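> Protein chains in written order, with this note's numbering: chain A, 1 to 263; chain B, 1 to 287.
Bear in mind the hints are in silico, worked out from the structure with no lab data behind them.
Keep in mind the model is a prediction, meaning the values are calculated, not measured.
A hint or two may mislead.
Unchecked claim - Where chain A lies over chain B, by a calculated footprint (3+ residues, C-beta under 8 Å):
1) 78 to 85
2) 94 to 106
3) 192 to 205
To be verified - No more than 27 Å apart at the CA atoms, straight line, and that leaves these computed lysine-lysine pairs for DSS-like:
4) A:Lys72 / B:Lys184
5) A:Lys72 / B:Lys16
6) A:Lys10 / B:Lys269
7) B:Lys184 / B:Lys202
8) B:Lys202 / B:Lys243
9) A:Lys10 / B:Lys123
10) A:Lys72 / A:Lys10
11) A:Lys10 / B:Lys140
12) B:Lys177 / A:Lys72
13) B:Lys177 / B:Lys202
Unchecked claim - Calculated from the model, a selection of chain A residues having no Cβ within reach of chain B, i.e. all distances over 10 Å:
14) Val82
15) Gly84
16) Leu85
17) Leu87
18) Leu200
19) Lys221
20) Met262
By construction, the Cβ of each residue, glycine as well, lies at the ideal position given by its N, Cα and C atoms.
The residues making up each chain are set out below.
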Amino acid sequence: MTTIIRITLKGIFRDRVFQGIMVTACAFLLIPVIASLSMRQVTELSLTLSLSLISFILLLLAVFLGGTSLWKDIERRYTFSVLGLPLSRQSYMIGRFGGTALFVLLAAAVLGVAAFAVVSYSSAIYPTDRPIVWSTMAICILFDALKYILLIAVAFLFSTVSTSFFLPVFGTIATFLAGGVTQQVFEFVNSPASKALSPLVKKLATILYYLLPNFGAFDLKVNAIYSLPLPFEGLLLTAAYFVVYVGLLLSAAATIFSRREMR
Amino acid sequence: MNAIEITGLYKQFPGKRMTKVDALKGLDLTIAAGEVFGFLGPNGAGKSTTIKLVMGLLRPTSGRAQIMGMDSNQAESRRHVGYLPENPAFYDYLSAEEYISFVGSQFKMEAALLAQRSEDVLKRLDLWDARKRPMRGYSKGMVQRVGLAQALVHDPDVYILDEPMSGLDPIGRALVKDIIFDLKARGKCVFFSTHITDDVEKVCDRVGVINKGELLVVENVETILQRGVQGYSVFVMNPDGAKEELFIEKAHLQAFIQQSVVNQQSIEKIEPRRKDMEAFFLEIVAQ
Ligand SMILES: Nc1ncnc2c1ncn2[C@@H]1O[C@H](COP(=O)(O)OP(=O)(O)OP(=O)(O)O)[C@@H](O)[C@H]1O
Ligand SMILES: [Mg+2]
Chain A
1 MTTIIRITLK GIFRDRVFQG IMVTACAFLL IPVIASLSMR QVTELSLTLS
51 LSLISFILLL LAVFLGGTSL WKDIERRYTF SVLGLPLSRQ SYMIGRFGGT
101 ALFVLLAAAV LGVAAFAVVS YSSAIYPTDR PIVWSTMAIC ILFDALKYIL
151 LIAVAFLFST VSTSFFLPVF GTIATFLAGG VTQQVFEFVN SPASKALSPL
201 VKKLATILYY LLPNFGAFDL KVNAIYSLPL PFEGLLLTAA YFVVYVGLLL
251 SAAATIFSRR EMR
Chain B
1 MNAIEITGLY KQFPGKRMTK VDALKGLDLT IAAGEVFGFL GPNGAGKSTT
51 IKLVMGLLRP TSGRAQIMGM DSNQAESRRH VGYLPENPAF YDYLSAEEYI
101 SFVGSQFKME AALLAQRSED VLKRLDLWDA RKRPMRGYSK GMVQRVGLAQ
151 ALVHDPDVYI LDEPMSGLDP IGRALVKDII FDLKARGKCV FFSTHITDDV
201 EKVCDRVGVI NKGELLVVEN VETILQRGVQ GYSVFVMNPD GAKEELFIEK
251 AHLQAFIQQS VVNQQSIEKI EPRRKDMEAF FLEIVAQ
């Protein structure tokens, strides 16, 4: 399995998608310039922009690498040669996932360093009222990365049932969009303001709330930007949620994939 | 222990509009260890389907396949197998050398041995000069050669090759025959599919002919060739020095030789004239 992870990483580094996305990352250089145009709260703004850019790049990586990894292997008939080795379907799939997830973590670390450089540059020129808490920023980026790793697991589950890249890519995007708002919808449905809604809609929203991944909890941008203290227990809970949810997604994906035929 | 055991193997594919395609209709076949077996059949006969079922890439509708006594649905059954898929494709961002070492590590080969074996097979398949280039830039025949190299590198006991000579030039074909001969001499089991009868005639111990998902015959190559002997071409020199080629039927050969002594003809050469494997194959498939 570790060799599959290694092969996956090699593949990503030599992939054109990755290289294109890395060009996007050069947008980091523009952040201080754009932020300084605002004249006010320059450092906060460059922090916000950096974190959003990281989030955006990781989203692209998660959707395109996660959504096409298995599909490409099947489409290009690599699965015949690889699955003809004494390698179980499960370890192959988990290895593919592991490599992609590891890459997202690496990318988050590299981008985090870039963000660190950008923000310290801005704050040196435009000192802030509240000092930046670097550890909060790092944890914010880490949880962002976890969020996208969870999304990759979703993409893998879609890939195991699909024969094209359509479902994995668009299904993943849809899940991401829906998963970002489930918390708000759930709170709205359970608030007095939702009296007008039919009970059926409420039930449906509640089911979806529990079924879809909840990405809201992974978002710590506000804490990082305004140097607010982190909710420690909340983070632990989110981490546990991450482990359980990814575990469930991967077991389902592995079960489906091991029954799948390579035609 | 038998290398490959196939019992009642049946495979149905979903066809157009709710119909079913019977790709394989209850195949029974046993390949002994150390045997070279040629799996012969026309296009669409079910050769690749059989091989994919044996390799656990497809799931049988019913029946089962085993390699070295282990069911094909277990990854471990492939531990002693070198597999060459039909028109293979490999991670094209890797070089041949990287891919071979990936395969070697999947078979838990020790690093020094792997390096040595990798060099051996890459040289043998004439990939040595191209070994560092990504496979994206390889020709079809070169990819086929990588396929053979990765099946050979870990020196398994069982080889399952789906059309090993396809896409190769005459030199490559001769090389593959050579390799199979070598494997045979070293007591390895080779199970390979082909639709070229000549390949079978030269290297196989036994041959199976499959058509439309049914195994029609399994026979020793030796027996087929023997049975195919219909007569002899006899080259004689008459007392006056004139040379002549005569066709003598199998049953009459003995009598002819005696007669030639009487006639003072000298026999220069006797060659068996046989119905070859090609004729055998065509005859069976036409039935
Ligand atoms: N994925 C599939 N879906 C539907 N039918 C299939 C599928 N794969 C194979 N078949 C059918 O099964 C039969 C056997 O195909 P198979 O690929 O085993 O033939 P083959 O003997 O390998 O032929 P060739 O010499 O052309 O490689 C064919 O009739 C084919 O149409
Ligand atoms: Mg075939």
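> Take the hints in turn and mark each one as holding or not.
Now the hints, each set against the structure:
Counting residues of the segment 78 to 85 of chain B whose beta-carbon sits less than 8 Å from any beta-carbon of chain A gives 5, enough to reach three: the coverage restraint holds. Judged by the Cβ-Cβ criterion of 8 Å, the segment 94 to 106 of chain B is covered by chain A as claimed, because 6 of its residues qualify and three suffice. Check on the segment 192 to 205 of chain B: 0 of its residues sit with their Cβ under 8 Å from a Cβ of chain A, so the three-residue criterion for coverage is violated. For the suggested pair A:Lys72 and B:Lys184, the alpha carbons sit about 37 Å apart, so the restraint of at most 27 Å is broken.
A C-alpha spacing of about 25 Å is found between A:Lys72 and B:Lys16, which places the hinted pair at or below 27 Å, so the restraint holds. Taking the CA atoms of A:Lys10 and B:Lys269, the gap is near 64 Å; set against the 27 Å cutoff, the hint is violated. Proximity of B:Lys184 to B:Lys202 is assessed by CA-CA distance (about 12 Å); at most 27 Å being required, the pair is judged to hold. Note on B:Lys202 and B:Lys243: the hinted pairing is violated, with a Cα-Cα distance of about 32 Å set against a maximum of 27 Å.
Proximity of A:Lys10 to B:Lys123 is assessed by CA-CA distance (about 25 Å); at most 27 Å being required, the pair is judged to hold. Between the alpha carbons of A:Lys72 and A:Lys10 the distance comes to roughly 15 Å, so the proposed pair stays at or under 27 Å and holds. For the given pair, A:Lys10 sits about 23 Å from B:Lys140 by alpha-carbon distance, which is consistent with the 27 Å threshold. Our distance criterion of 27 Å between C-alpha atoms is broken by B:Lys177 and A:Lys72, whose separation comes to about 34 Å.
This hinted pair checks out: B:Lys177 and B:Lys202 have alpha carbons roughly 8 Å apart, not beyond 27 Å. The Cβ of A:Val82 sits about 8 Å from the closest Cβ of chain B, inside the 10 Å cut-off, so the non-interface label is violated. Residue placement check: A:Gly84 does not keep its beta carbon more than 10 Å from all beta carbons of chain B (closest about 4 Å). The non-interface label for A:Leu85 is inconsistent with chain B: the shortest C-beta to C-beta separation is roughly 4 Å, within 10 Å.
Listed as a non-interface residue, A:Leu87 fails to keep its Cβ farther than 10 Å from every Cβ of chain B; the least gap is roughly 6 Å. The claim that A:Leu200 lies off the interface holds: its Cβ sits roughly 35 Å from the closest Cβ of chain B, which is beyond the 10 Å cut-off. For A:Lys221, the condition that its CB be more than 10 Å from all CB atoms of chain B holds, with the nearest at approximately 35 Å. For A:Met262, the condition that its CB be more than 10 Å from all CB atoms of chain B is violated, with the nearest at approximately 4 Å.
The structure shown violates the earlier hints numbered 3, 4, 6, 8, 12, 14, 15, 16, 17 and 20.
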